[in-house]
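J.: Work the whole structure out from these sequences, hints included.
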Amino acid sequence: MSENMLEVTNLCISFGGLRAVDGLNMKIRKGQLYGLIGPNGAGKTTVFNMLTGVYKPTSGKIMLDGENITGKPSIAINRAGIARTFQNIRLFKNMSVLDNVKAGLHNHMKYTTIEGILRLPRYFKEEKRATEKAMELLKVFELDGEAQQLAANLPYGKQRKLEIARALATDPKLLLLDEPAAGMNPNETEELMQTIHFVRDSFKMTILLIEHDMKLVSGICEELTVLNFGQELAQGETSAVLNDPKVITAYLGE
Amino acid sequence: MKKLNISKTSRSNFITYGMVIVLAALMMILDGAGVLSSSMRGFLVPMCIYIIMAVSLNLVVGILGELSLGHAGFMCIGAYTSAVFSKCMVDTITFAPLRFTIAILIGAACAAVFGVLIGIPVLRLKGDYLAIVTLAFGEIIKNICNVINLGVDSAGMHISFDKASDLNLAEDGQIIIKGSQGISGTPKDSTFLVGVILVMITLVVILNLINSRTGRAIMSIRDNRIAAQSIGIDVTKYKLMVFTISAAFAGAAGALYAHNYATLTATGDKFNYNASIMILVYVVLGGIGNIRGSIIATIILYILPEKLRFLKDYRMLVYAIVLILVMLYNWSPKMQEYREVLRLKLKAKFGKLNKEESIT
Ligand SMILES: Nc1ncnc2c1ncn2[C@@H]1O[C@H](COP(=O)(O)OP(=O)(O)O)[C@@H](O)[C@H]1O
Ligand SMILES: [Mg+2]
Numbered sequence: 001m002s003e004n005m006l007e008v009t010n011l012c013i014s015f016g017g018l019r020a021v022d023g024l025n026m027k028i029r030k031g032q033l034y035g036l037i038g039p040n041g042a043g044k045t046t047v048f049n050m051l052t053g054v055y056k057p058t059s060g061k062i063m064l065d066g067e068n069i070t071g072k073p074s075i076a077i078n079r080a081g082i083a084r085t086f087q088n089i090r091l092f093k094n095m096s097v098l099d100n101v102k103a104g105l106h107n108h109m110k111y112t113t114i115e116g117i118l119r120l121p122r123y124f125k126e127e128k129r130a131t132e133k134a135m136e137l138l139k140v141f142e143l144d145g146e147a148q149q150l151a152a153n154l155p156y157g158k159q160r161k162l163e164i165a166r167a168l169a170t171d172p173k174l175l176l177l178d179e180p181a182a183g184m185n186p187n188e189t190e191e192l193m194q195t196i197h198f199v200r201d202s203f204k205m206t207i208l209l210i211e212h213d214m215k216l217v218s219g220i221c222e223e224l225t226v227l228n229f230g231q232e233l234a235q236g237e238t239s240a241v242l243n244d245p246k247v248i249t250a251y252l253g254e
Numbered sequence: 255m256k257k258l259n260i261s262k263t264s265r266s267n268f269i270t271y272g273m274v275i276v277l278a279a280l281m282m283i284l285d286g287a288g289v290l291s292s293s294m295r296g297f298l299v300p301m302c303i304y305i306i307m308a309v310s311l312n313l314v315v316g317i318l319g320e321l322s323l324g325h326a327g328f329m330c331i332g333a334y335t336s337a338v339f340s341k342c343m344v345d346t347i348t349f350a351p352l353r354f355t356i357a358i359l360i361g362a363a364c365a366a367v368f369g370v371l372i373g374i375p376v377l378r379l380k381g382d383y384l385a386i387v388t389l390a391f392g393e394i395i396k397n398i399c400n401v402i403n404l405g406v407d408s409a410g411m412h413i414s415f416d417k418a419s420d421l422n423l424a425e426d427g428q429i430i431i432k433g434s435q436g437i438s439g440t441p442k443d444s445t446f447l448v449g450v451i452l453v454m455i456t457l458v459v460i461l462n463l464i465n466s467r468t469g470r471a472i473m474s475i476r477d478n479r480i481a482a483q484s485i486g487i488d489v490t491k492y493k494l495m496v497f498t499i500s501a502a503f504a505g506a507a508g509a510l511y512a513h514n515y516a517t518l519t520a521t522g523d524k525f526n527y528n529a530s531i532m533i534l535v536y537v538v539l540g541g542i543g544n545i546r547g548s549i550i551a552t553i554i555l556y557i558l559p560e561k562l563r564f565l566k567d568y569r570m571l572v573y574a575i576v577l578i579l580v581m582l583y584n585w586s587p588k589m590q591e592y593r594e595v596l597r598l599k600l601k602a603k604f605g606k607l608n609k610e611e612s613i614t
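Chains as they are written, first to last, in my numbering: chain Y, 1 to 254; chain S, 255 to 614.
By construction, these hints were calculated from the structure, which means they are not laboratory data.
Model, not experiment: these values are computed from the prediction.
Among these hints, one or two may not hold up.
[Said to hold, decoys possible] Using 25 Å as the maximum straight-line C-alpha spacing, the simulated SDA-like pairs for lysine to any residue come out as follows: (1) Y:K204 - Y:I69; (2) S:K262 - Y:E142; (3) S:K561 - S:F446; (4) Y:K133 - S:V489; (5) S:K432 - S:R353; (6) S:K603 - Y:Q149; (7) Y:K110 - S:D477; (8) Y:K133 - S:R479; (9) Y:K93 - S:G541; (10) S:K380 - Y:F15; (11) Y:K110 - S:T498; (12) Y:K72 - S:D477; (13) S:K442 - S:G427; (14) S:K524 - S:I557; (15) Y:K204 - Y:L168.
[Stated by the list, open to error] Sample of chain S residues lacking proximity to chain Y, with all beta carbon distances greater than 10 Å (derived): (16) V406; (17) Q435; (18) R569; (19) I578; (20) P587.
We put the CB at the ideal spot given by N, CA and C, even for glycine.
T.: This is the structure:
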């Protein structure tokens, strides 16, 4: 198929009079770790919401691995291969850590509701397989020890990790992370960035990452797009973008 | 780790099944020995009915997290449709267990159809709006059942919403539903044993459903709809499924109800919002999402008002106070803390103690 995992063309959305995202163009190659940065309120989360079908774009086009997914509902987009995390964590709080990840495996478990109610052999086989898969994912994020805890009882940093594990469980082609390090201390952040790198390499994943803090992304992102007031301010290789005077002013002016 | 998890939830489920079987056996033995008072004996079948109602409502309220105030409406549909079937077939199918089984299935199926019918438009609503619409639905059903006249003769079925005489039945005709006088002469097929079997079926289906991929999908919708959609869970499909399953069990409970009395009417408090709210009270007090709690709460709260009869006028006052106390016991943070401390103490004393499951 195409060489690009994601191609966004002239993407726009307005809320009433506000053009929250205004003509965004972005190409992300397969296997790339790509950063979307910009000051608070620049429209980064709104971009994610359009990519994942939470909002319908006013205009523009989104292509995932050669497939047009513009304006499709969230479920279809997840099945097409995009999974995400949320800036304001959205876990299934009253479910166990393990069940959060197993919920992510929902569409990969091959037994019907009837088979589940009647406890036919496929139920046991698939549940076992899912549990093993989920435990593997939890191990990547060092959450396997807390598998039986309620998600709500995890400390903040681990909740963020659990969200990533749950998203990965859906076996996406493209993973969207919305400020994954928000609220973490520098040590946790450093460790998380390494985990993200590891996920990209070992799962052969394409990752688009939102970060509010520019310094964080410089470590791991290969390319960046900088948004400011809904518009693209700069785009390209990380070091070049970060040294761009326009970008520096935008951040200083914040 | 994984083995532990599976055995833990199934252990909790088996405690629930065991509790029901032991209680049922105890009641049967007491009944056989002739020590049950006649009022207690009259309670046995209704108890099963309301346990089924509470458990199936808990699926909507506790597992899906939507407020429904029309659960008694589904029960009403199940009661009427099954009673009509039994009355028509009482001479055709003389083998009562078979006839009653079909009647229950018909009651469940008809209620399920209504579950889908009101589910489709209603599932776009949330919270209070859903509660109001389901409340209205229950009232509409009850009121329709109150005015409907139905008769059969050689020419087929006749329906009138005014007077029974409008049915214009032929000589050989028979009135099945007679307005507010309802249906009389339904075969009294309901027994405690049938009730217990239905309770067990309800429990197995709902507990197995909860502990499956479908149950996880339903709970994920409850906990966070947007996140559930983001991992590819079809919110509409599962909401509709929950509504349908829950309605079907309420329909089966209705069938049990209709065949427990010689006459079935929709007047009074049986199928109106009072009944729906009473069932909701059982669910809330038993613990939202806690199936075993629903059973225990139903048993206690169903018997309580009767046992308080000696208090005469103060009966409902005491009942209300008990409700408030149970509510505090279940939900106040201080009490929860205290119970946790107590549990740990007991655990230290008696070694391994079964850990309470939050969702079982
Ligand atoms: N649903 C909405 N309705 C109205 N305005 C919105 C909505 N979602 C986002 N916005 C606005 O769009 C702008 C961009 O927000 P957001 O994408 O959250 O920024 P950030 O870059 O910090 O993630 C903000 O001004 C915000 O108020
Ligand atoms: Mg944001």
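J.: None of the hints should be skipped; say for each whether it holds.
T.: These are the hints, each one checked on the structure:
no. : hint            : verdict
1   : Y:K204 - Y:I69  : holds, 22 Å
2   : S:K262 - Y:E142 : holds, 23 Å
3   : S:K561 - S:F446 : holds, 21 Å
4   : Y:K133 - S:V489 : holds, 24 Å
5   : S:K432 - S:R353 : holds, 22 Å
6   : S:K603 - Y:Q149 : holds, 24 Å
7   : Y:K110 - S:D477 : holds, 23 Å
8   : Y:K133 - S:R479 : holds, 24 Å
9   : Y:K93 - S:G541  : holds, 17 Å
10  : S:K380 - Y:F15  : holds, 23 Å
11  : Y:K110 - S:T498 : holds, 22 Å
12  : Y:K72 - S:D477  : holds, 23 Å
13  : S:K442 - S:G427 : holds, 23 Å
14  : S:K524 - S:I557 : holds, 16 Å
15  : Y:K204 - Y:L168 : holds, 12 Å
16  : V406            : holds, 35 Å
17  : Q435            : holds, 40 Å
18  : R569            : holds, 37 Å
19  : I578            : holds, 25 Å
20  : P587            : holds, 14 Å
In the structure shown, no violation is registered for any of the earlier numbered hints.
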